[in-house]
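Visitor: Sequence:
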Amino acid sequence: EFYVGVMLPCCAGLVVANILTSFLSLKKPERVTLSVECCYQNVGIATSVALTMFQGDELAQAMAVPLYYGLVEAIILGLYCIVAWKAGWTKAPKNVSFYTMITT
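If you want our numbering, it's the 1-based position in the sequence shown plus 2.
Because the hints were derived from the structure by calculation, they are not lab data. Just so you know, not all the hints are guaranteed correct.
Stated by the list, open to error - Subject to a maximum C-alpha distance of 20 Å in a straight line, what follows is the list of computed DMTMM-like cross-link-like pairs (lysine to aspartate or glutamate): (1) K93 with D59; (2) K93 with E32; (3) K29 with E39.
Unchecked claim - Computed beta-carbon distance windows for the label pairs: (4) L26 with M65: 12 to 22 Å; (5) I84 with L28: 17 to 27 Å; (6) D59 with P95: 26 to 36 Å.
For each residue, glycine too, the CB sits at the ideal point set by N, CA and C.
I would like the entire structure built from these sequences, with the hints used as guidance.
Guide: Okay, structure coming up:
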């Protein structure tokens, strides 16, 4: 339950943002940008709040939420961006190498 509950906002945000931006007929690079912005959350703020609000065992449980969400967020957004790039949804040419795309 914990893992699904923490992961759900990230996944749902990405899916809903893609659907809404498609209905608004935005260009594909704009869809990717808005989808990433909707999904990406500042884990540092959540960590700071958890550190100030909880103590002891509750602190350990509270710290698990931003830690796990940050991991899920990094993996899902990383994969989403690579898929979007290779699908031609970004401004980066899809036929260049990953290294070239990242460094230029």
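Visitor: Hints first: check each against the structure and report whether it holds.
Guide: Here's how the hints hold up against the structure:
1. K93 with D59: Violated - the C-alpha atoms of D59 and K93 are around 47 Å apart, more than 20 Å.
2. K93 with E32: holds (10 Å)
3. K29 with E39: Given that 20 Å is the threshold and the Cα spacing comes to 16 Å, the pair holds.
4. L26 with M65: 12 to 22 Å: Violated, since L26 and M65 (Cβ atoms, about 37 Å apart) do not stay within the stated range.
5. I84 with L28: 17 to 27 Å: Once the Cβ atoms are compared, 20 Å apart, the range 17 to 27 Å for L28 and I84 holds.
6. D59 with P95: 26 to 36 Å: At 51 Å between Cβs, range violated.
Taken one by one, the earlier hints fail for this structure at numbers 1, 4 and 6, listed in ascending order.
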